[in-house]
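Student: Chain by chain, the residues run as shown.
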Amino acid sequence: MMRPLAPAAAAAEHSPKRHLPFVTALFAVVVDVLPLPSAAPTAVAPLFTVCVLFYWTLFEPALMSPLRTFLVGLLFDLFSGLPPGHSATAFLGPRLLLAPSQPSLRAQPFAVIWVCFAFAAALVELLRWTLSVAWWGTLFSPTPVLDELLLTIAVYPAISYLLSRVRARLPRPRYGDRV
Amino acid sequence: MASHAAFPSAPSRMQRLRQLSQRHLRQLRRTLAHLAPRLWLLCAVALLVVSKADLRFVNWLSATASDLYVPAAGLLYQPVDWLRRLGEEAAELLVLREENARLRARIGELERLRDEALRLEVENRVLRRMLAMPSPPATVRQTTARVIGDSGGPFRHARLLDAGSERGVAVGMAVVDEHGMVGRVVAVGRRSARILLLTDLNSRIPVLVAPSGDPAILEGDNTAHPKLAFLPLDPAMAVGDRVMTSGHDGLLPPGLPVGEIEAIEEGRVTVRPYADWQRLDWVTVLQYAPVVPPEQEEPGAAAGPATAAAGQPAAALR
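One line per chain: the protein sequences are A and B, in this order.
For the first sequence, my numbering begins at 105 and goes up steadily by one.
For the second sequence, my numbering begins at 20 and goes up steadily by one.
The reader is advised that the hints may include incorrect statements.
Chain B residues, not near chain A, derived (Cβ > 10 angstroms throughout) [said to hold, decoys possible]:
id, residue
1, E108
2, E111
3, N119
4, E128
5, R131
6, R133
7, R160
8, T162
9, G232
10, D253
11, P272
12, E285
13, R287
Residues on chain B that point at chain A, a partial pick, calculated with CB under 10 angstroms [as the list claims (entries may be wrong)]:
id, residue
14, V64
15, A92
16, L220
17, D240
Because the hints were derived from the structure by calculation, they are not lab data.
Backbone N, C-alpha and C fix where the C-beta goes; we use that ideal spot for every residue, glycine too.
Can you make the complete structure from the sequences, with help from the hints?
Tutor: What follows is the structure, given as structure tokens:
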């Protein structure tokens with residue numbers, strides 16, 4: 105039987121700050137969809153949303169539930185004009201694959217986490233590419249996708265550092281802690 | 020009685036049922052929590068399949084989300100715009116002298132072209148009057164809009180504008196910058212519109228090549244250089260020839276500059292669009308009244324233009 109929450113844990117559960125991970129993910133979606141300083145049609149940019157989703161799914165999985173990941177993906181599609189469900193599928197797929205290794209991964213040094221992120225981001229890009237090929241029936245060039253992937257992997261340390269500052273502001277005891 | 024009160028009473032049937040249902044409910048919650056990622060993944064895939072059917076609800080959802088995005092992007096766009104302008108101004112300062120000389124030469128060339136254009140305009144007007152040829156339909160109105168959203172990936176070359184149906188923007192309208200055509204409107208919300216760039220994989224624009232007059236279709240292929248397809252059997256085009264809209268689809272105004280032929284290699288003709296992708300922050304939506312096919316005209320309305328069109332040459336013959 106599930107034990108009741110301690111008063112501090114109950115307060116943490118009702119704190120508005122527990123929505124911070126979701127808010128940062130929504131912010132990342134808006135930033136991803138903003139036009140680049142170089143708006144050439146073939147210009148690529150890192151996918152900040154993937155960085156943010158990976159970080160919160162790894163360190164605060166209770167605050168970035170599958171429903172929230174789905175909503176972030178759906179909003180990404182609707183804002184960027186992609187078919188609805190395209191990015192939601194791509195964001196949820198790797199989450200499902202990496203879920204069993206999450207608890208052990210959290211305790212690993214940053215370099216290991218970074219390598220795992222590279223693997224997850226590659227899966228996201230592969231899914232996006234495959235879904236796009238299936239949707240439009242055309243073989244897209246993988247070069248811009250690879251460029252986007254490399255940029256995403258490159259910016260992850262910076263995003264991870266910024267999100268760790270946000271995480272420090274989350275209410276303690278952590279959401280999900282029980283007496 | 021006293022001995023009976025000393026022991027806790029046995030749970031009633033109702034209490035047992037309640038405990039049982041609570042236990043089942045907890046199990047159900049645990050199972051749902053365990054299955055949640057799979058369920059939402061299934062939902063995402065189902066949504067993707069459903070949206071392939073181009074349902075009205077999905078289009079409405081997309082337009083509403085774009086409308087919601089406009090204010091958020093408006094706020095965040097300011098620092099991005101500031102950074103871009105800072106970079107541009109720094110770059111312009113470095114090449115100011117060369118730019119000045121180039122512009123002076125360009126002014127002389129443009130003045131010559133303007134005189135030529137004025138002469139041709141007069142000549143064109145006189146010839147049209149002599150042949151009783153109807154004037155080409157003019158652009159009704161123009162709406163200037165800001166580009167506030169990118170497609171966010173290499174799969175779609177589209178942009179989001181901060182002008183929608185409230186400002187008269189409609190699907191199919193041409194979008195230009197100060198150099199030439201950028202794309203066309205493919206979806207419209209109340210305060211936003213999405214344009215498909217010339218370079219997108221799904222973009223198809225009927226064009227003419229000048230001076231040969233060869234018709235073709237400009238096809239985007241997700242590269243910076245769209246290609247010409249459906250060329251005539253004996254095309255007479257060369258590198259550097261201008262490409263402009265033909266207006267053959269009845270949706271786009273004819274004569275909009277699109278680009279120039281960049282290369283002709285093994286039957287593949289690539290075009291370099293005139294649009295300045297580096298400074299694509301403001302664009303103009305041309306509110307062009309499309310030509311309505313006769314089968315789509317209302318019976319009452321069809322009589323007017325048809326009679327007028329037919330009447331014009333007849334009057335000229337008389």
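Student: Indicate, hint by hint, whether the structure satisfies it.
Tutor: Hint check results:
| no. | hint | in the structure |
| --- | --- | --- |
| 1 | E108 | 13 angstroms, holds |
| 2 | E111 | 15 angstroms, holds |
| 3 | N119 | 25 angstroms, holds |
| 4 | E128 | 27 angstroms, holds |
| 5 | R131 | 32 angstroms, holds |
| 6 | R133 | 31 angstroms, holds |
| 7 | R160 | 25 angstroms, holds |
| 8 | T162 | 19 angstroms, holds |
| 9 | G232 | 28 angstroms, holds |
| 10 | D253 | 30 angstroms, holds |
| 11 | P272 | 23 angstroms, holds |
| 12 | E285 | 19 angstroms, holds |
| 13 | R287 | 16 angstroms, holds |
| 14 | V64 | 6 angstroms, holds |
| 15 | A92 | 6 angstroms, holds |
| 16 | L220 | 6 angstroms, holds |
| 17 | D240 | 9 angstroms, holds |
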